[in-house]
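Chemist: The chain contents come next:
2 protein chains.
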Amino acid sequence: MALIVQKYGGTSVKDVDRIRNVAQRIKQTVDEGHQVAVVVSARGGVTNELVTRARELAQTSDPKGQPDDREMDMLLACGEQETIALTAIALHALGIPAISRLGSQAGFKTDTAHTRARIREITGGDIPDQLAAGKVVIVAGFQGLSDDGEITTMGRGGSDLSAVALAAGLKADLCQIYTDVEGVYTADPRVVPNARKIEEISYEEMLELASMGSKVMQARAVEFAQKHDVVFEVRSSFNHNPGTIVKSEAPSMEDVVVSGVALDKNQAKIAVSDLPDKPGSAAKVFKALGDANVIVDMIVQNIGRGGAANLTFTVSKDDVHRAVEAVEKVLSEMGGGAANYVGDIAKVSIVGVGMRSHAGVAATLFSILADHEVNIQMISTSEIRISVAIDLADADKAAQAVHDGFELDQ
Amino acid sequence: MALIVQKYGGTSVKDVDRIRNVAQRIKQTVDEGHQVAVVVSARGGVTNELVTRARELAQTSDPKGQPDDREMDMLLACGEQETIALTAIALHALGIPAISRLGSQAGFKTDTAHTRARIREITGGDIPDQLAAGKVVIVAGFQGLSDDGEITTMGRGGSDLSAVALAAGLKADLCQIYTDVEGVYTADPRVVPNARKIEEISYEEMLELASMGSKVMQARAVEFAQKHDVVFEVRSSFNHNPGTIVKSEAPSMEDVVVSGVALDKNQAKIAVSDLPDKPGSAAKVFKALGDANVIVDMIVQNIGRGGAANLTFTVSKDDVHRAVEAVEKVLSEMGGGAANYVGDIAKVSIVGVGMRSHAGVAATLFSILADHEVNIQMISTSEIRISVAIDLADADKAAQAVHDGFELDQ
Chain S
34 MALIVQKYGG TSVKDVDRIR NVAQRIKQTV DEGHQVAVVV SARGGVTNEL
84 VTRARELAQT SDPKGQPDDR EMDMLLACGE QETIALTAIA LHALGIPAIS
134 RLGSQAGFKT DTAHTRARIR EITGGDIPDQ LAAGKVVIVA GFQGLSDDGE
184 ITTMGRGGSD LSAVALAAGL KADLCQIYTD VEGVYTADPR VVPNARKIEE
234 ISYEEMLELA SMGSKVMQAR AVEFAQKHDV VFEVRSSFNH NPGTIVKSEA
284 PSMEDVVVSG VALDKNQAKI AVSDLPDKPG SAAKVFKALG DANVIVDMIV
334 QNIGRGGAAN LTFTVSKDDV HRAVEAVEKV LSEMGGGAAN YVGDIAKVSI
384 VGVGMRSHAG VAATLFSILA DHEVNIQMIS TSEIRISVAI DLADADKAAQ
434 AVHDGFELDQ
Chain B
34 MALIVQKYGG TSVKDVDRIR NVAQRIKQTV DEGHQVAVVV SARGGVTNEL
84 VTRARELAQT SDPKGQPDDR EMDMLLACGE QETIALTAIA LHALGIPAIS
134 RLGSQAGFKT DTAHTRARIR EITGGDIPDQ LAAGKVVIVA GFQGLSDDGE
184 ITTMGRGGSD LSAVALAAGL KADLCQIYTD VEGVYTADPR VVPNARKIEE
234 ISYEEMLELA SMGSKVMQAR AVEFAQKHDV VFEVRSSFNH NPGTIVKSEA
284 PSMEDVVVSG VALDKNQAKI AVSDLPDKPG SAAKVFKALG DANVIVDMIV
334 QNIGRGGAAN LTFTVSKDDV HRAVEAVEKV LSEMGGGAAN YVGDIAKVSI
384 VGVGMRSHAG VAATLFSILA DHEVNIQMIS TSEIRISVAI DLADADKAAQ
434 AVHDGFELDQ
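Chains as they are written, first to last, in my numbering: chain S, 34 to 443; chain B, 34 to 443.
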């Protein structure tokens, strides 16, 4: 008998039929003799509906009005509260004893940063007792209780974090993240049709792939799992195929040089020209971007005419306007230079812990791209990742070529 | 400066526009210099949607399956949680400081009877502090927290009860129940077009009128108000007309003999024939009905052929099937008699605390009905009410005639 934490996302509990399906899966796990604690998200679409209503009201008199963070948490926590109760009722109908638990009742203690709370501690409340009494416990993901006794939520992807944290808190044997994809793939199958599901992957690789836009899971949940050594499996709630196990790096993983290819088509390039050539100019630009909450990804700097520097960097498309505005403001304070949106780009990355011990990976990547006449505009690397910025029009071709070139379908 | 508790029902907070309207009303009260605590219901329709989903799931394998009461409370409490947050956000947009509070946070302590919890105590939580700090406090109606730390709900009309109880707990100066009618009328204006809004009414009269089918408010809320001497006003959230003040009986109220005419078209008549003429036979029948949760309204007993008794009684139409079943079962145990559904009837009642000190009211009622050729089938009375069961086809005509006969339009 194992203690298993299962997490079902919004698409898996979207309506009554899907909730029945989830209840059947839980029953199966119970029938196999396991103890099961379940974390569920809000029904797909519900959170967005609630956000829309809140925004409409907040903008009654000011088109830029934003709803209060505390009230948003009060509001959004309803979504999961609904699904835990419905899931428990669905289990009862199958003859499985079950009880729902709010984040507060499950002892998810967080800080007071509403809408983006961080977990301080998971006490688990009476969940161990309920499990011991033979009940399935259905826990509301995404939500917790602050020291002030207020409902908090953990931001997008918070339910994954809840599941991993609950697995850590309960010292579960296994944590299963059920979602609408079958696992982690060597590339996005919609772009690279011969992409292959990866059996096992390290936290580091998962993090690099996730942050590159293969949005299987939010980075925070993976980081938490890594920190607390929670082994978890990403798998589909729509079939019974095994998914991808995510765990600490194992020696065997290094045999595989490249685990996957990530493609991010949501990047834009901004050029700063004629930046005054004084110490700290670039630092001021990036500080201004940071203050404006813009995450800068790749950066290239080179000296232009007359000693003035040119800077080129990429940001998420959504941040372009904010980024240009922030940079122009700081440039005018420094007395020189101009910031311009150059265009959209794609970023192709290869990820693999094996890169640490294998030389020549970058060279192989570059030659594959050259063979396919893909021009590299920028390059960035981490210990286990190499990324290149390329023309958006070349994105799919490049991803397929790199996937083939590194033989990831095998 | 007064402390006012306002309650807005589901139709008043049905959508974003209505919530804006409610926020405007609250702002007005604040601008007049008052402290305001607000109780809101779930958005109109939301509770029914949630109940539908829960029932569908509960009936997955058994068409008679009912969802667990505790899980229903977890589920239904979401409805009010949504509206408190949205109402607070709407107030912020108007520049009014406001904070939402769950039933649990507002210190609504209840027993553990899920879906029909009774209030034990209202501590008010930090509401007095929030009010003193200049904030409007928006409290989730209908819900509380049991001694076990579980969310409970108080059943249909629970938000009215929450409002009255909160007014008692905070020692508010006034409690306003905003609803979709303008107050308590001398009769249902849809049936009696010249019905008049009553300015002031006693708790007892309100209770008799409410229980007679003029569904302005649930009896429990009125009873609570009476017990704790909470003066409240029933008024419309769609205009600014004054409503009806409900309070303890005042001497002046006795000048008015009849305050209103109530009409209940939802009654059915059941006849029990040939009941064995033994002591306790009738008692056994009514005990069986009580055990089956059937509320019996009017009763007539007369001795039939051969000493066997005939019983006739009225129940709510919804309970006919259950009532006949329960009586047939006990009759077969007693070895005799038959129970039959006779037909639907209407009940017309006149209500007024003045009846206590005025003779001849019943005679006047009977002669009005006789003048209009309405046949009286059954009669029941209380200290401040006289009710007659009549043919359903005569219902509207009778209500109008009684209203005119007692000159209630003046």
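Check each hint, because a few of them may be wrong.
If several chains are the same, the list does not tell them apart, and a pair holds so long as it fits within one copy or across any two.
[What the hints assert, rightly or not] Derived PhoX-like pairs (lysine-lysine); straight-line CA-CA distance at most 25 Å:
#1 Lys168 <-> Lys97
#2 Lys204 <-> Lys430
#3 Lys47 <-> Lys204
#4 Lys311 <-> Lys168
#5 Lys60 <-> Lys47
#6 Lys47 <-> Lys311
#7 Lys204 <-> Lys298
#8 Lys317 <-> Lys298
#9 Lys298 <-> Lys260
#10 Lys97 <-> Lys60
#11 Lys168 <-> Lys362
#12 Lys350 <-> Lys60
Keep in mind the hints are simulated off the structure, nothing from the lab.
Chemist: Does each hint fit the structure? Answer for all of them.
Modeler: Results of checking the hints against the structure:
1. Proximity of Lys168 and Lys97 under a CA criterion of 25 Å is satisfied inter-copy only: 23 Å between copies versus 47 Å inside one chain copy.
2. Taking the shortest alpha-carbon separations for Lys204 and Lys430, neither the intra-copy value of 44 Å nor the inter-copy value of 72 Å comes in at or below 25 Å.
3. Taking the shortest alpha-carbon separations for Lys47 and Lys204, neither the intra-copy value of 29 Å nor the inter-copy value of 44 Å comes in at or below 25 Å.
4. In the homo-oligomer, the alpha carbons of Lys311 and Lys168 never lie at most 25 Å apart, since the shortest distance is 66 Å inside one protomer and 51 Å across protomers.
5. In this homomeric assembly, Lys60 and Lys47 come within 25 Å of each other (Cα to Cα) only inside a single copy, at 19 Å, whereas the closest approach across copies is 38 Å.
6. Proximity of Lys47 to Lys311 under the C-alpha cut-off of 25 Å is found in neither arrangement, the shortest distances being 56 Å within a copy and 60 Å between copies.
7. Taking identical chains as interchangeable, the C-alpha atoms of Lys204 and Lys298 are never at most 25 Å apart, the minima being 38 Å within one chain and 61 Å between chains.
8. For a Cα distance limit of 25 Å, the shortest separation of Lys317 from Lys298 qualifies neither inside one copy, at 28 Å, nor across copies, at 78 Å.
9. With identical chains, the CA atoms of Lys298 and Lys260 are never at most 25 Å apart, being 30 Å at best within one copy and 67 Å at best between copies.
10. Only between protomers do Lys97 and Lys60 lie at most 25 Å apart by alpha-carbon distance; the minimum there is 21 Å, versus 47 Å within a single protomer.
11. In this assembly of identical chains, the alpha carbons of Lys168 and Lys362 never lie at most 25 Å apart, being 59 Å within a copy and 38 Å across copies at closest.
12. For the identical chains of this complex, Lys350 and Lys60 are neighbours neither inside a copy (44 Å) nor across copies (41 Å), given an alpha-carbon limit of 25 Å.
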